[in-house]
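Asker: Going by our numbering, the sequence shown opens with residue 1, and the numbers climb by one from there.
Derived by calculation from the structure, the hints in this document are not laboratory data. Here a beta-carbon is modelled for each residue, glycine too, at the ideal position from N, C-alpha and C. It cannot be assumed that every hint is accurate.
Computed Cβ-Cβ distance ranges for the label pairs, DEER-style [stated by the list, open to error]: (1) 431 - 19: 44 to 54 Å; (2) 281 - 449: 43 to 53 Å; (3) 403 - 169: 46 to 56 Å; (4) 105 - 223: 49 to 59 Å; (5) 184 - 436: 46 to 56 Å; (6) 199 - 101: 49 to 59 Å; (7) 373 - 102: 39 to 49 Å; (8) 87 - 19: 19 to 29 Å; (9) 413 - 362: 31 to 41 Å; (10) 315 - 199: 57 to 67 Å; (11) 72 - 373: 13 to 23 Å; (12) 188 - 97: 43 to 53 Å.
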Amino acid sequence: MGIARSGIAYTGAKTFSLLASFLAVIYFTRTLDQATVVLGKYYMFETVVSFLTLIGGAGLSGALTKRMSEGEERSAYFSSAVLGSIMLLSGASAVVLLFRSDLAELIGFSEQVLVFIVIYLWARQGRYVADGVLQGEGRVGWAGVMEFIDIGVRTSVQVTLIATGHTLFGLIIGAVVGASGAAIVAFWISHTSLGSPSIRHLEHLVSFAKYAVINSFAGKFYDNIDRLVIWFVLGSSAVGIYTVAFRFALPFIVFINGMTAASFPQISRNMVKENTDRVRTILSESIALSTVFSIPAAVAMSFLAYPIIVTLYTPELAAGASVALIAVIIKIPEGYRWILTATADGLDRPDLSTYTGIILVFTNGILDLILVPTFGIIGAAIASLVAMCASVLYIATVLSDILELSVEKIPLRSILDQCLAASGMGASVWILYTSIDIDSTLSLFVLIAAGALWYFVILLTISTPMRRRLIGIAGDIVPIRPS
1 MGIARSGIAY
11 TGAKTFSLLA
21 SFLAVIYFTR
31 TLDQATVVLG
41 KYYMFETVVS
51 FLTLIGGAGL
61 SGALTKRMSE
71 GEERSAYFSS
81 AVLGSIMLLS
91 GASAVVLLFR
101 SDLAELIGFS
111 EQVLVFIVIY
121 LWARQGRYVA
131 DGVLQGEGRV
141 GWAGVMEFID
151 IGVRTSVQVT
161 LIATGHTLFG
171 LIIGAVVGAS
181 GAAIVAFWIS
191 HTSLGSPSIR
201 HLEHLVSFAK
211 YAVINSFAGK
221 FYDNIDRLVI
231 WFVLGSSAVG
241 IYTVAFRFAL
251 PFIVFINGMT
261 AASFPQISRN
271 MVKENTDRVR
281 TILSESIALS
291 TVFSIPAAVA
301 MSFLAYPIIV
311 TLYTPELAAG
321 ASVALIAVII
331 KIPEGYRWIL
341 TATADGLDRP
351 DLSTYTGIIL
361 VFTNGILDLI
371 LVPTFGIIGA
381 AIASLVAMCA
391 SVLYIATVLS
401 DILELSVEKI
411 PLRSILDQCL
421 AASGMGASVW
431 ILYTSIDIDS
441 TLSLFVLIAA
451 GALWYFVILL
461 TISTPMRRRL
471 IGIAGDIVPI
481 RPS
């Protein structure tokens, strides 16, 4: 259960990070004038930086995690990744600043915002490299703590500046300060010192990064293409509504992110030892746990999406309720994709993750262009769901052949038990929801908490495999010692 223990540490830190971010967005939507417009512009600022990190990072942070997890010459790989990042960032920054007038006109930002884009680009890449070091050292929990520091500092600065009358620039400055602070702390606590960079180590990083950069592009494209199309077709207000609603589903992928970050180094080490049976076991355990939260969340959101969005935010965001429901449903196949692509990378088959990303990118992009002009923001959400399912189907088929997975190794019983428990919970919560008045945030949270408790009671009662796994995780967190 080492994976679970590391994953839980990562998940705990990420959960607190998301809670801070979640509360901040509630504050922003209730405080800002024309909140959806301001937030839409800020989210587009983040989108531009996300795409620029593909140029300024070129997959080096993911390659650094892979090479450092192999356990040899860590300092040399660390310094080579830093050198490579500096070279790439310098080139990307020069292009942005040189053509800032044309870019400002194209994306609708002022030239001053473009300067902040360059600053934030350096801060973000610094954070990514630092996270790559910590995860390569196997300190996944600490990587989650860095996320908490980033979000905590960012949110504090943003709330303070907005309270003093700064709006868009308050949000932007908070993002820059948060990423910079987290990067500095991460480098400070890492156990790996900078060594002497070399062409050989840089080539080894690039040999993996050439696939990782495509995977990163796929991830960034998938996360941001909806916003880009919505921005040009529907405007900044629609971007704000869509992003706030879509990000509501983020907590349901946090646990699987932790599991993925923890399992990747272990899969990598076991493949070096040619221990394929252990890899199959790690994959099976991870798949079984990947949907333990997202399946019941999807059931509950089928009738709670509207009251949640309107109660927590404002009626101005009511149009995002359907998007929030689809976003939560997406987390079910997305959980499988995270696990399967991490397994492929651990097997030193990043090409499989690359092909998966290509399927995701092309399917999502084409469907966005077709569905957004016709169905608006709901069309963008549907495009994301279809693309995610298509990519998962591909990589699951290929990996099952490579690892020669038998039916016994696929945790179908655990997944079915989760569905049954979620159905029982959903029926109970629906009865309560239609029987009582949900007229406050407190009553809504009580209803959600009761549903979550009832779900786990049912799951632990009907499912021996899931009971074993979850009790094992609890034992890892709080070990029970004999008296």
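Asker: Starting from the hint 43 to 53 Å, judge whether the C-beta atoms of residue 188 and residue 97 obey it.
Answerer: Once the Cβ atoms are compared, 30 Å apart, the range 43 to 53 Å for residue 97 and residue 188 is violated.
Asker: Does the Cβ distance between residue 184 and residue 436 fall inside 46 to 56 Å?
Answerer: holds (49 Å)
Asker: A range of 13 to 23 Å was offered for this pair. Does it hold for the Cβ distance of residue 72 and residue 373?
Answerer: Given a distance of about 52 Å, which is not inside 13 to 23 Å, the answer is violated.
Asker: Could you see if the CB distance from residue 373 to residue 102 stays within 39 to 49 Å?
Answerer: The hinted range 39 to 49 Å is violated for residue 373 and residue 102, with Cβ atoms some 26 Å apart.
Asker: Falls inside 43 to 53 Å, the C-beta gap from residue 281 to residue 449?
Answerer: Hint violated: Cβ distance 34 Å, outside 43 to 53 Å.
Asker: With 49 to 59 Å as the target window, see if residue 199 and residue 101 comply at their CB atoms.
Answerer: For residue 199 and residue 101 the Cβ distance comes to about 38 Å; the hint is violated.
Asker: Starting from the range 44 to 54 Å, see whether the pair residue 431 and residue 19 falls in it by beta-carbon distance.
Answerer: Given about 29 Å between the Cβ atoms, the range is violated.
Asker: Does the beta carbon distance between residue 403 and residue 169 stay inside 46 to 56 Å, or does it fall outside?
Answerer: Since residue 403 and residue 169 have Cβ atoms about 50 Å apart, the given range 46 to 56 Å holds.
Asker: Is 49 to 59 Å right for how far apart the beta carbons of residue 105 and residue 223 are?
Answerer: violated (25 Å)
Asker: Within 31 to 41 Å: is that where the Cβ-Cβ distance between residue 413 and residue 362 falls?
Answerer: Holds - the Cβ-Cβ distance for residue 413 and residue 362, about 35 Å, lies within 31 to 41 Å.
Asker: Given the hint of 57 to 67 Å, is the C-beta distance from residue 315 to residue 199 inside that range or not?
Answerer: Given about 59 Å between the Cβ atoms, the range holds.
Asker: Do the Cβ positions of residue 87 and residue 19 conform to the proposed distance bound of 19 to 29 Å?
Answerer: Hint violated: Cβ distance 38 Å, outside 19 to 29 Å.
Hint compliance for this structure: hints 1, 2, 4, 6, 7, 8, 11, 12 are broken, all remaining hints hold.
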